[in-house]
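Chemist: Here's the letter readout for the chains.
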Amino acid sequence: MTQDEIIRELLDFIAADDAAESAFDRLALEIFAYQFKHNEPLRKFCLQRGRTPRTAKSWRDIPAVPINAFKELTLSCCAREDAERVFMTSGTTMGGLRGKSHHPNLAVYDASMTTHFKQRFMPDRDRIDMGILFPDEDVMPNSSLAHYLALALEHFGTDDSRNEMGKSGIDFDALFGWLKRAETTGVPYALLGASYSFVPLLDEMKRRDVRFALPAGSRMFDTGGFKGQSRDISADDFYTQLSDSFGVPRRWCINMYGMTELSTQFYDNGNEVCPSVKSGPHWIRSRVINPLTGEDVPRGDVGVLTHCDLAHFNIVSTILTEDAGVEVDGGFLLLGRADGEEAKGCSMAVEEFLKAANVAATG
Amino acid sequence: MIERAGYLPGVAANDIAWQTLRFGGNENPIEIAVPELSDHQMQSMAATVRTASRKLKARPTQQIVESIDRTVARLLDRSEPIRQKAEDLLPRVTGYDAEMVRLGLTGYLKTFRKPELQKFLAEDFANPMMLDDFQPMPKGGLARAFGPDILAHIWAGNVPGLPIWSLVSGLLVKAGNIGKVPSAEPLFAGWFAQLLAKTEPEIADCLAVVWWQGGDTAREAALLREADVVLAYGGNDALAAIRGRVPITTRYLPYGHKVSFGMVSKSALNSRKVTATAHQAAYDVVRYDQQGCYSPHVFFVQRGGKISPKEFCQYVAHELAAFEKKYPRRSLSVSEAGAIAAWRHQEEIKSFGEGGRQILSDATGAWSVVYSEDSEDLAPSGLNRTIKIVAVDELADVAPRIAPYRKFLQTVGISAPPDELYALGALLGQEGITRISALGHMTAPEAGWHHDGRFNLLDLITITEIEGSAEKAADAFARYAD
Amino acid sequence: MDFRDKVVLITGASRGIGAAIAKAFAAEGASVAVNYLRNVDAADDVVSECRKTGGDASAFQADVTGANDVDVLIDSVLETFGKIDILVNNAFSPYAFDPENRKMFCDLDWADYQSQIDGALRSTHGMCKAVLPAMRGQAQGTIINMATDLVARPSVPYHDYTTAKAALIGFSRNLAAELGPIGIRVNCVAPGIVYPTDGTRDTKEDVKDMIISQTPLKRLARPEDVAGPVLFLASPWSGFMTGQVLYVDGGLVMT
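Residue numbers (my numbering), protein chains in the order written: chain A, 94 to 456; chain B, 5 to 486; chain C, -2 to 252.
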């Protein structure tokens, strides 16, 4: 298959209502064969494991590439120069190397985003007044989240929608103006941003002793969590604060689980209970695996999440994340990082060694 | 009957608050009761131990040696009830294979028989009688070694029996001992104390074994308050935290995590010797699943032998497969498995670069061998039977690759002819290596081993010297003075 | 026995015993590389049979007595299937099993022996050498060589054929001894007369009867009878067996 053929099939697949596992398998294996042919590091990775497209019988047989590989390698089927857009991770680990995903064009990414966003965040209306708590796409051209939110604004925001985060941070006065207006007019409002973007907002509201009672139909959106940010809040506390501060029931505080290394996102159906059940559309499938054996763990056991995202066709569609999770009815629960822990004995573990070695190096 | 850990002289059993630790997962669960002492209880127990240690100090060292020897003899006797309990419960608590535990216990306990205890003494003291009475010093005057009233031990890890090393050292210098067991293996130290009390009732109370939940700084403080010397095992973060809480006037002896490795000369890689070499290397990897400070993370293997380093990997891989049948690795937690997976993935990603790197692993993830031709530095493996084999032209080439990690180095297992062994000894010692053993013996240090290059007994004692000036001056006051 | 996710390469698999082995592996889910010398139609038939029974297969033409062909064959199989877990050395130089018109010892030249040795042993040697790097890279693998019960009991002295097979057994045992420590097992399967195959289609009835009368299980082997033991030796069920010769002849030979 050519790149164009794949894009066309994907767009059709995404637009369709649902897909049986067999249809998903067929397309997944086609894309795998395409990637195997054009993506040299992926081919090496698969051969190291004795797997070729020939011997893969279902999407579950496609070797899952560890997420770290994106930092070290260029995993692109198209030439780097031919990419319309490159999304990069924020790169706080491993000496500042940033994971890269090259997109030859954004048609599939955009279709994946808008189709599913509609289903999960806008099931009841076409457009809504939106406030975005994240820098603009122009300011952060390599941020997949910036692009995501730009799409949200463009396709689902009314004319009264704005990006409220400028170069100097959140424009509180402007934002509070919009929120007050929603309160008084009774027109629903949606506030979308990175989870950590809400922290200074909630702090400022506390400082000004300000709260809002947004009208029914209003909703909140957060993504990304608080890892590595200034403050650590539990999910439960966060959604309580959000709900109290804006008068939006937790059922309409939606969390999105996504990453630069995928072209499709997962959502929950609100956060009345934490952790919430996350699920994705019919063009992405997930497994919970034992990272050592690559096998699925027994249903209900904790393992590491692996996703097969058909939309991520130019890179690799099957990713092994570093997130621990457990399969439940309707989706999965995210349980934090599946990192290594300190050694049980007196033998040094990698994390401790690196930490100490870094300290030694920087004196 | 739930097994109770610990040994608490001077504290009534009924007064103790017991916590329950659970081991064994769902398949073979077991509960152990561990004691949590109040401040007051720790205080009165420390007083008991302190008083008992004075009695210990009045005993000749040889008598103490014999007491320990008699106790160890009982522990070596497989029909001894406590030994049988150990063989039954330690595998269930630690997860290590039962055969490995049994053979490991016997091998380890042999290190504390009478002749071996003499070696501990001889290694540190030119004249061990210094522990009993003032002895002449080379510089003049007399000196006597006094052990602490209370030696506090804070143990860590799940290697069965680890506490015995420092407990025996404490007893040999006639210290009173209070040791805190790790949650991962809370049993053996208490059993040792019980058996010693039974064998030698006279010195029963000079040993106490306690427990507290990791992070319970209040209980830790209660012990640290009583201690003259504190000995601690653990990771650097934990050790630094304890150091912060140890009074400046209390001696602190930390033993941190280490990275050990092996070296194989091409002389050990001909068609006849390779299988034995691979067997020894694999054995060092599987013992206690690499959890010991002396366990190898890497083997540096010399090119030029009949068997190449890359081929050597295959021999080691098969040995690990065979060991998996003989001593199956314990089951791992999600994050332990994640650590191995992360390490392996990192290696896989590196293998896309230049050719040469190869990863051999068991389908169930029970072991992994990574082969590398890069001139890479020493680095820890993913543990739990994951090993890297690095090809080098000369074993001496390794020195600069380990130099930056001086602080973490401990043991090197070497398979090489004599002239290479001694030359490497000099090079490695320069870089901070403190122990060189044969391949296959890395995880079984000899009696008297200088743990991390330190002194087992000397580090615990203080020397009181009667200077020549005092002696001379006293002569003037003797009734028989001329 | 589950051979899903396993890749098997069988030399001389377009007909007879080789074809039966190929189909048996495929029925257990294996991916089978069907090597053939000339008969592409027969090979393709085997391939489609394999796919029908639940496995996967592809045909690969190669003259396994030639070193170059062997390397190309291994490379093609690796490129298609990604790895090789099991190698079955079944090919041998054509032989007419004719008890009445066989070449007796004085009729034979060394060239006759050489031809059989090249067919059975040299091809096996070349294939083993070529496949080993791939198997070493996995620290496991299984090699199964086809011998004959005539080595233990020459009911009919086919000198050249049987001598080559005897050498093959010695070769296999030495290989087993050396490769054991790196996790690669080498075993032989020694059938008696297998009927019907190209070599035995014309065997006379009285010859067959004579053999049957001395066979405890009172019949001759069919190609499928040989497949079972081959699968056994390729499976983890025989994981602690190497250097063995399994006689599959209904008990004619017991050793």
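In case anyone wonders, no lab produced these hints; they're calculated from the structure. Be aware that a few hints might be false.
FRET-style restraints, in silico, Cβ to Cβ [claimed, not checked]:
(1) K329(B) <-> E114(A): 32 to 40 Å
(2) Q212(A) <-> S42(B): 58 to 66 Å
(3) T368(B) <-> E114(A): 22 to 30 Å
(4) G433(B) <-> V421(A): 52 to 60 Å
(5) L105(C) <-> P421(B): 51 to 59 Å
Heads up, simulated DSS-like pairs for lysine-lysine below, C-alpha to C-alpha not over 30 Å straight-line [what the hints assert, rightly or not]:
(6) K411(B) <-> K329(B)
(7) K137(A) <-> K100(C)
(8) K137(A) <-> K61(B)
A short list of chain C residues far from chain B (calculated; beta carbon distances all over 10 Å) [said to hold, decoys possible]:
(9) D109
(10) Q137
(11) D206
The C-beta atom is built at its ideal place from N, Cα and C for all residues, glycine as well.
Chemist: Work down the list of hints and note, for each, if the structure agrees.
Modeler: Do the hints match the structure? See the list:
{"no.": "1", "hint": "K329(B) <-> E114(A): 32 to 40 Å", "in the structure": "holds (38 Å)"}
{"no.": "2", "hint": "Q212(A) <-> S42(B): 58 to 66 Å", "in the structure": "holds (59 Å)"}
{"no.": "3", "hint": "T368(B) <-> E114(A): 22 to 30 Å", "in the structure": "holds (27 Å)"}
{"no.": "4", "hint": "G433(B) <-> V421(A): 52 to 60 Å", "in the structure": "holds (57 Å)"}
{"no.": "5", "hint": "L105(C) <-> P421(B): 51 to 59 Å", "in the structure": "holds (54 Å)"}
{"no.": "6", "hint": "K411(B) <-> K329(B)", "in the structure": "violated (36 Å)"}
{"no.": "7", "hint": "K137(A) <-> K100(C)", "in the structure": "violated (53 Å)"}
{"no.": "8", "hint": "K137(A) <-> K61(B)", "in the structure": "violated (68 Å)"}
{"no.": "9", "hint": "D109", "in the structure": "holds (35 Å)"}
{"no.": "10", "hint": "Q137", "in the structure": "violated (8 Å)"}
{"no.": "11", "hint": "D206", "in the structure": "holds (48 Å)"}
Hints 6, 7, 8 and 10, counting from the list given before, are not met by this structure.
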